[in-house]
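Protein sequences, first through last, are from chains A and B.
Under the numbering used here, the first residue of the first sequence is numbered 1, with each subsequent residue one higher.
Under the numbering used here, the first residue of the second sequence is numbered 1, with each subsequent residue one higher.
You can trust all of the hints, since none of them are fake.
The list cannot tell twin chains apart, which means a pair is met if one copy fits it or any two copies do.
Below, a list of computed lysine-lysine pairs in the BS3-like style, where the Cα atoms sit at most 27 Å apart:
(1) 201 x 31
(2) 283 x 361
(3) 240 x 201
(4) 31 x 88
(5) 361 x 351
(6) 31 x 240
(7) 283 x 351
These aren't lab readings, by the way, just hints derived from the structure by calculation.
2 protein chains.
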Amino acid sequence: MSQDRQQLLVDSLRRLVRRGAVGNLERILAKARSEDVALALSELMDREARSIFGLLLNDPARAAEVAGEYEHARLPSLWQGLTAAELKPVFEELASDDAADILQRLDEDLRVSILNLLEDAESEDLEELMQYGEDTAGGIMSTDFFSLDKELTAREAIVGLQDNPEAEGVFYLYCVNEEDTLVGVVSLRQLLMVRPSTQLKNFMNSDVISVPLTEDQEEVARIVARYNLLGVPVVDEFNKLVGIVTVDDVIDVLRDEATEDMLLMAGVADEDIVNATTSHAVKTRLPWLLAAVGGGIGAAALIGRFEHQLEEAAILAAFIPIVMGLGGNVGVQASTIVVRGMAMGQLDPTKFASALFSETKVVAIIATVCASVAAAASMVMGDFDPNLAGAVGSSLVVVMTFGALLGTAVPMLSHRFGIDPAVATGPILTTSIDLVGVLIYFLISAAWLGL
Amino acid sequence: MSQDRQQLLVDSLRRLVRRGAVGNLERILAKARSEDVALALSELMDREARSIFGLLLNDPARAAEVAGEYEHARLPSLWQGLTAAELKPVFEELASDDAADILQRLDEDLRVSILNLLEDAESEDLEELMQYGEDTAGGIMSTDFFSLDKELTAREAIVGLQDNPEAEGVFYLYCVNEEDTLVGVVSLRQLLMVRPSTQLKNFMNSDVISVPLTEDQEEVARIVARYNLLGVPVVDEFNKLVGIVTVDDVIDVLRDEATEDMLLMAGVADEDIVNATTSHAVKTRLPWLLAAVGGGIGAAALIGRFEHQLEEAAILAAFIPIVMGLGGNVGVQASTIVVRGMAMGQLDPTKFASALFSETKVVAIIATVCASVAAAASMVMGDFDPNLAGAVGSSLVVVMTFGALLGTAVPMLSHRFGIDPAVATGPILTTSIDLVGVLIYFLISAAWLGL
Chain A
1 MSQDRQQLLV DSLRRLVRRG AVGNLERILA KARSEDVALA LSELMDREAR
51 SIFGLLLNDP ARAAEVAGEY EHARLPSLWQ GLTAAELKPV FEELASDDAA
101 DILQRLDEDL RVSILNLLED AESEDLEELM QYGEDTAGGI MSTDFFSLDK
151 ELTAREAIVG LQDNPEAEGV FYLYCVNEED TLVGVVSLRQ LLMVRPSTQL
201 KNFMNSDVIS VPLTEDQEEV ARIVARYNLL GVPVVDEFNK LVGIVTVDDV
251 IDVLRDEATE DMLLMAGVAD EDIVNATTSH AVKTRLPWLL AAVGGGIGAA
301 ALIGRFEHQL EEAAILAAFI PIVMGLGGNV GVQASTIVVR GMAMGQLDPT
351 KFASALFSET KVVAIIATVC ASVAAAASMV MGDFDPNLAG AVGSSLVVVM
401 TFGALLGTAV PMLSHRFGID PAVATGPILT TSIDLVGVLI YFLISAAWLG
451 L
Chain B
1 MSQDRQQLLV DSLRRLVRRG AVGNLERILA KARSEDVALA LSELMDREAR
51 SIFGLLLNDP ARAAEVAGEY EHARLPSLWQ GLTAAELKPV FEELASDDAA
101 DILQRLDEDL RVSILNLLED AESEDLEELM QYGEDTAGGI MSTDFFSLDK
151 ELTAREAIVG LQDNPEAEGV FYLYCVNEED TLVGVVSLRQ LLMVRPSTQL
201 KNFMNSDVIS VPLTEDQEEV ARIVARYNLL GVPVVDEFNK LVGIVTVDDV
251 IDVLRDEATE DMLLMAGVAD EDIVNATTSH AVKTRLPWLL AAVGGGIGAA
301 ALIGRFEHQL EEAAILAAFI PIVMGLGGNV GVQASTIVVR GMAMGQLDPT
351 KFASALFSET KVVAIIATVC ASVAAAASMV MGDFDPNLAG AVGSSLVVVM
401 TFGALLGTAV PMLSHRFGID PAVATGPILT TSIDLVGVLI YFLISAAWLG
451 L
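Start from the sequences, fold in the hints, and give me the full structure.
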């Protein structure tokens, strides 16, 4: 839906809910796609959105679709005032991965009441799902998959499908043996291609790609992307099939992880920042800036130690920005290439020495060019003092090399020690380079200028 | 495949190709997945990879799978020495979107020869595909889709499918009328659920989401992600069905676009940077750093104008880093939030005033806190001179506000003028903030300190 049509939907909903035109509202809601309704609700005022969700509750399947697409973190606010009994039908319709994720965000009282109201099988499923780490295959998988005994025939498989209209994302049918161990996969397409009496085990692909419950969601996404899959089965430690991760969930993971990395590297500690409230935005952004303030105070203290030299040669101050700017820029280039290269699976995090070696070759050339230009400029600006030019040029070479190597090393080492590379880079990295850069610059300058 | 097993594949291939053990090589290649072989080839030396691809040519379908997964930009080098006649069978097997993309990267002679060897229908298809912009729906779509007359029955549709084992990504069947206009969609699943004699038009979903040929690939990806689709049909200006974009292509688009944005914002002008040669890396990274050198020289010239003030109060130099650092950091935060928010469709680029207003509220608080801390520190470091503290604090408030608003405005305005927001931000933004920041700092300080 185009931005204009989406805006139109938002405006109509707002107008009708203010007028209390329930009939018209229901008509519009019935025609719109759930994804568009979810987005529209997120743009309305809380009170308006709550009234509309109240109307959706008349059709629990529809309410579940909208809730699944709505930002889960904001559902507790959308559902304010609703009881467990009113929400129960929605949870019965929700895909299990969405249901578990949403339950975890509700108040404990409400969560427990809803689980108590659900059928035992369903609430046990959900409680199990909630145990898995949020960022693991178990945490994002759905248990509404469809598996079949490998001894069945194609005809029986088709009948089985017809009897299970609820199963999610059925484009692959997973084949299991009598112990529910995953032994193969057939596509819906294949099912149509073979003679109806053929047993699944005779045409299934037994080289099926699966992931363990504890696999990191990023790795799951990489596997789906790499092998162009529509979904990947999740197995427990006995290779028993326990769930599936579908490609639409993988797309969300890829987008969220990219967003998280970009924001972390920019010093924004929480991905839910667009359209955040002022106080949430301040809380998310201030810590990193205060770290930078700390770094800046450190730099000031360092430079304060060279006050004597600055009094002798005030022109030295003029080149602080270029030294800091280039050290930081080259460090950001290097760290971004490494962070993204690792995330895309193009850069092997264990090949540390070879990454440093490549970066050394590149920065040697880059730093020499930049330093030459800066030295020439400082020559002109500093009354043709070759010592000033030498100080500026050689500082730049040293600081840029330091920045590039630190920018390469920090994300690779953080990865090795299990720290998110994107956290360890960003403002912390540039602030460190600034500090060391200023120190190097003044030490080198003092030596060249004999101060 | 785990990193270890992938490394094992690379090592085995290398060893066997050096020994010339063709039989063993063929056995290993037959067992490995095409995606893994493609990745392994990219890690081998050019000469080794060429020998192995030579072996793959015995099975054109397999060679096409590997070529499709191999980095297309590097295929001309992998195929060095191969003739049009040797490559023709590979092109016959390639998906049309891959074939068109690869052809565009070959030398004109080879491209023309291959097109001449292919059947007329096929080469016409490819020539048409090559006309569409690389980043549009037309540029990434495949023409190997499967469509059916809406008058057909479910049974006839299944027979049609069985007769077309080649059609790509068939999870949806697109229904057309006698003019090939797209009128509906049915899923494979639905086909199994209805009575075989039901006509498609009686159960198809006629509210089908499609995209025009010229739609930007990012928008195509957003639509597929938003509506959780496995593919989206592409239509021409008469709503005639001309191709499909499948979800695996969308995943590639999403990953590539995120990579491109991250690297551009870090001042890296080309996404093919991981594992690039030294000279390519230098060419990709140097331009932005030279721009920063230019900015740094500008800052030096500005500061040079305040040499007299610096001689009076050398301590002023100590606070250059904090002013520059925080202006830059807050600008990077703001611009990253805006760039990513627009890319994710969470931030409406036309709501410029409201974005600036939100950012103003946030930065007012953030800047006040940071400035207070910095002013207190400068008070201590500057022999308790309240004027120095006032100068540092008020400069920080002004520079941070400027940085935050520029960081918000630049990407939104670039979007409006059709410039990639990620290009316009990054080093250009921070360098501009540095320059203006230094100027503001010295002007305010000179005023406070009466210099």
